[in-house]
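Chains P and A, in that order, give the protein sequences. Reading the first sequence from the start, the letters are residues 1 to 138 in the numbering used here. Reading the second sequence from the start, the letters are residues 1001 to 1205 in the numbering used here.
In case anyone wonders, no lab produced these hints; they're calculated from the structure. The structure presented is a predicted model; accordingly, all values stated were derived computationally and were not measured. Any given hint might turn out to be false.
Unchecked claim - Sample of chain A residues at the chain P side, in silico, Cβ under 8 Å:
no., residue
1, Val1004
2, Tyr1005
3, Met1008
4, Ser1081
5, Thr1083
Unchecked claim - No farther apart than 30 Å at their CA atoms in a straight line, the calculated lysine-lysine pairs in the DSS-like style are these:
no., chain 1, residue 1, chain 2, residue 2
6, A, Lys1057, A, Lys1072
7, P, Lys99, A, Lys1057
8, P, Lys68, A, Lys1057
9, P, Lys99, P, Lys68
10, P, Lys99, A, Lys1046
11, P, Lys115, A, Lys1057
12, A, Lys1072, P, Lys99
13, P, Lys80, P, Lys68
14, P, Lys130, P, Lys99
In this text, a Cβ means the ideal position worked out from N, Cα and C, and glycines have one as well.
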Amino acid sequence: MKPLRILVAEDNQADVVLFREALRHHHIEHQLYVVSDGQSALQFVAQMGASPEIPCPDLLLLDLNLPKVDGPNILQEFRKHPECTHTPVIVVTSSDSAKDRAKVAEFQVTRYFRKPSDFDAFMDLGRIVKELFDGQMA
Amino acid sequence: MVNVYTQMLMRRHVGEHPQAKEYAAVIHQGVNRMEALIHDLLTFSKTIHSVDLPAEKADLSAALAEGISVLKDRIEQTGASITAPILPTVRGDTAQMAHVFQNLLSNALKYQTNGARPDVQISAKRDGTNWIIAVRDNGIGFEPQYAERIFGLFKRLHKEEFPGTGLGLAICRRIIERHGGRIWAESTLGNGSSFYFSLPRLEDA
């Protein structure tokens, strides 16, 4: 199985480190494509599939509250790409507000992951990813 | 995030060092306090900055149910009993009224003697053009001289024994006053507390 290609739209680098930890914790081979603000995310999305360096990812990890452009706008654009209409998306966020969930509900969010403040709970993100791709990672 | 990194530091690089464990516990508590404070400050800021008068109908029974659902885990842990009749509908915002109930119930569950089973009774009565809602608990209570002070920003009667930010009741006061009402408390030390808030009846609002 090839490494999972994961687009990570997250402005907090400390959280990106924890995402990697969670993936390693569950032995998930991965290649991260990290964009740290909304504009870079939109640029990535606009060029997805055009070159091997900017592939259509297998998974999008999306923080809703990004600099410059908000997460819901990025997800909207992401879903317009013909190869990404059904790509799994995990919204990773610090907020648990119903308003935030409502903003992205129409764009098929696979899972919401509220960033926990406990190490083991954070590592659970890896389990969630593993379950999503169960069968493909055997 | 700070807590997660502290845990990683401890597990991977420190191990079972007793003093380091103690320091890590202090960091953990500090972070939790900061998180609670930020959360409450954001809520307070939202209530301060919403200037429009509420125009919708707030179903107080639905608001209470929402407040209870947020506290579900703590209600289960403490074995608390919460009783309420069907409550009236007032002019206002159900979500904000849910916040009032959540704060009052959270206090009723928190300020208890060790191991006591919280008993909270909610009631509503008409008073002229107003409804008066009462939230009575069987907790530790407070001396009557503090009945006004506890609604002040960051004003707390307890520091170490009961965690809190000192913002909950200030938020309640702001919400109730914004709805054209009043909130107050009565208690004697050791005999539980009663919190009351008045709201204009819908037909008169």
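Outcome of the hint check:
Interface hint at Val1004(A): satisfied, since its Cβ lies 5 Å from the closest Cβ of chain P, which is below the 8 Å cut-off. Hint status for Tyr1005(A) relative to chain P: holds, with the closest Cβ pair at about 7 Å, below 8 Å. The criterion of a C-beta within 8 Å of any C-beta in chain P is met by Met1008(A), whose closest approach is roughly 6 Å, and the hint holds. Annotation: interface hint on Ser1081(A) violated; nearest CB of chain P at approximately 27 Å, more than 8 Å.
About 28 Å separates the beta-carbon of Thr1083(A) from the nearest beta-carbon of chain P, more than 8 Å, and the hint is not met. Of the supplied pair hints, the one linking Lys1057(A) and Lys1072(A) holds, its CA atoms being roughly 25 Å apart against a limit of 30 Å. Note on Lys99(P) and Lys1057(A): the hinted pairing holds, with a Cα-Cα distance of about 20 Å set against a maximum of 30 Å. The suggested pairing of Lys68(P) with Lys1057(A) is violated, with an alpha-carbon distance near 37 Å, which exceeds 30 Å.
Distance hint between Lys99(P) and Lys68(P) is fulfilled; the C-alpha atoms sit about 20 Å from each other, no more than 30 Å. For the proposed pair Lys99(P) and Lys1046(A), the alpha carbon gap of about 14 Å is at most 30 Å, so the pair holds. With a C-alpha separation of about 34 Å, the suggested pairing of Lys115(P) with Lys1057(A) is violated against the 30 Å cut-off. For the hint linking Lys1072(A) to Lys99(P), the alpha-carbon distance of about 21 Å falls within 30 Å, and the restraint holds.
Distance hint between Lys80(P) and Lys68(P) is fulfilled; the C-alpha atoms sit about 20 Å from each other, no more than 30 Å. For the given pair, Lys130(P) sits about 28 Å from Lys99(P) by alpha-carbon distance, which is consistent with the 30 Å threshold.
Checked against the numbered hints listed earlier, the structure breaks hints 4, 5, 8 and 11; every other hint is satisfied.
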